[in-house]
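These protein sequence lines are chains A and B, in that order.
For the first sequence, my numbering begins at 1 and goes up steadily by one.
For the second sequence, my numbering begins at 263 and goes up steadily by one.
Hints listed in this document are in silico derivations from the structure and should not be mistaken for laboratory results.
Remember, it's a predicted structure, so these values are computed and weren't measured experimentally.
Be aware that a few hints might be false.
[As the list claims (entries may be wrong)] In silico DSS-like links for lysine-lysine, alpha-carbon gap of 25 Å or less:
1. K241/A to K216/A
2. K41/A to K393/B
3. K241/A to K254/A
4. K245/A to K393/B
5. K133/A to K146/A
6. K244/A to K231/A
7. K13/A to K146/A
8. K254/A to K393/B
9. K393/B to K244/A
10. K13/A to K179/A
11. K241/A to K393/B
12. K60/A to K13/A
13. K254/A to K41/A
[To be verified] Some chain A residues flagged as far from chain B (calculated, every beta-carbon gap over 10 Å):
14. T53
15. C124
16. D162
17. M173
18. N206
Cβ coordinates follow ideal geometry from the N, Cα and C atoms, glycine included.
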Amino acid sequence: MLTKRIIPCLDIKDNRTVKGVNFLDLRDAGDPVELASRYAKYGADELVFLDITATHEKRKTLAELVLKVAQQIDIPFTVGGGISSIEDVSVLLQNGADKVSINSAAVKNPPLINDLVDRFGSQCIVVAVDAKKIEDQWKVHLVGGKVPTPVDLFEWVSEATDRGAGEILFTSMNHDGTKAGFANEALATMSKLINIPIIASGGAGNIHHFIEVFKKGKADAALAASVFHYKEIPIGYLKEKLSKKGIPIRLVTKETIQRSIK
Amino acid sequence: MKIVIVDYGVGNIQSLKFAIERLGYQARLTESSEEILNADKVFFPGVGEAKNAMAMLNDKGLDQTVRQLKVPTLGICLGMQLMCQQSEEGNTQGLGLLPCVVKRFENHLKVPQIGWNHFDWVKGDLFQSLKPTEYMYSVHSYYVPLGDWTIACSDYGTPYSSALQIDNFYGVQFHPEKSSFSGSQLLLNFLKL
Chain A
1 MLTKRIIPCL
11 DIKDNRTVKG
21 VNFLDLRDAG
31 DPVELASRYA
41 KYGADELVFL
51 DITATHEKRK
61 TLAELVLKVA
71 QQIDIPFTVG
81 GGISSIEDVS
91 VLLQNGADKV
101 SINSAAVKNP
111 PLINDLVDRF
121 GSQCIVVAVD
131 AKKIEDQWKV
141 HLVGGKVPTP
151 VDLFEWVSEA
161 TDRGAGEILF
171 TSMNHDGTKA
181 GFANEALATM
191 SKLINIPIIA
201 SGGAGNIHHF
211 IEVFKKGKAD
221 AALAASVFHY
231 KEIPIGYLKE
241 KLSKKGIPIR
251 LVTKETIQRS
261 IK
Chain B
263 MKIVIVDYGV
273 GNIQSLKFAI
283 ERLGYQARLT
293 ESSEEILNAD
303 KVFFPGVGEA
313 KNAMAMLNDK
323 GLDQTVRQLK
333 VPTLGICLGM
343 QLMCQQSEEG
353 NTQGLGLLPC
363 VVKRFENHLK
373 VPQIGWNHFD
383 WVKGDLFQSL
393 KPTEYMYSVH
403 SYYVPLGDWT
413 IACSDYGTPY
423 SSALQIDNFY
433 GVQFHPEKSS
443 FSGSQLLLNF
453 LKL
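The shape of chain A in the complex, shown without the other chains (with noise of 0.2 Å):
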């Protein structure tokens, strides 16, 4: 059977790791390569790099650090933030990416998704969308967030379903940041429209939010940053509990990770 996936995200400023991490015990918390494998060993199912560096050496050291991952972490791994064209995308797959998400770029030139997903295949191209509920209606932001559109949020995900993509990836700007919870509803309707892989992303404070975004919300995959960063929820834990919930997840036990270190 499928299991529901685990993504630990980090975000990626001048190569290093930023949002604050707090592995005691590793020797450079900023360093994304060593917190990757440290997540990668403990039961993560993928990995989630979103690029947020603004300066122009951007696509080079991004491309850097790519092959510097791939070299190192056996599980996938996604890359994002500011992909706009197919070179960048090409850049990041031939160094090792399994896929890329690209967000503003896409709902500003749709087209776009078309032709990532004749070039590469849907497989690779995961559609990020940021998007707030106001007065009852879901409308996607660009910029991280910042950038109001009058696009539908579900509109806009079925348009990019049939133009090829191969996940979506949606972010709820109303439960960002808040540790009360995903977007259960909101993914839940979503679930019913598309049928490509969603992943949740926003809101998650503690093991009991994950287990209803999969319950309730429907989604195939769960992201999130500071609850795995400050070691709030350990994901091996949180894997015990969820597959004690019945939901199916891939467990990581003790003897394989011995396994690994050896």
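Position chain B relative to chain A; hints supplied.
Relative to chain A, chain B alone:
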């Protein structure tokens, strides 16, 4: 041991090279027919669309090369699907090593299947010390049906061949290079065949 990865222009094959290196072996990416035919172990990867991938393989003349191989050869994902007679994806003629048609998932579940799935059963040396309860990472919309060739069975709305073997040709639908400890074990098993 000479290990090669058939490089015919598809997908993310760096990850496979890195995974082999993490196990302490070296692998060369190559499109040289001679080099492929002189290898001890051959990886035949594939990501993307079947018709396009098969056309690239044919253009480089590597379809004949792969068919001639006598050493253990591991098709991964689309690579495994191309070992079959035909694929419903783009109505593509495959290498014809297996007498079967690759089908599209037709069920109420989401397509593509993306994520970690386990096995109903496994058999043979490729799965040595791997239990059916171990998970592998897959991304695919098409599948190889069960048959005499099936050496591992998984289920996604329908049971399918998550691994197969015919003579020296092995195939896995999942990505061992992205499947953490379990995937590394499988790659190691293949390298020790």
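Verification of the hints:
| no. | hint | in the structure |
| --- | --- | --- |
| 1 | K241/A to K216/A | 16 Å, holds |
| 2 | K41/A to K393/B | 19 Å, holds |
| 3 | K241/A to K254/A | 16 Å, holds |
| 4 | K245/A to K393/B | 23 Å, holds |
| 5 | K133/A to K146/A | 14 Å, holds |
| 6 | K244/A to K231/A | 21 Å, holds |
| 7 | K13/A to K146/A | 18 Å, holds |
| 8 | K254/A to K393/B | 16 Å, holds |
| 9 | K393/B to K244/A | 21 Å, holds |
| 10 | K13/A to K179/A | 23 Å, holds |
| 11 | K241/A to K393/B | 22 Å, holds |
| 12 | K60/A to K13/A | 13 Å, holds |
| 13 | K254/A to K41/A | 10 Å, holds |
| 14 | T53 | 22 Å, holds |
| 15 | C124 | 8 Å, violated |
| 16 | D162 | 14 Å, holds |
| 17 | M173 | 25 Å, holds |
| 18 | N206 | 23 Å, holds |
When held up to the earlier numbered hints, the structure conflicts with hint 15 and nothing else.
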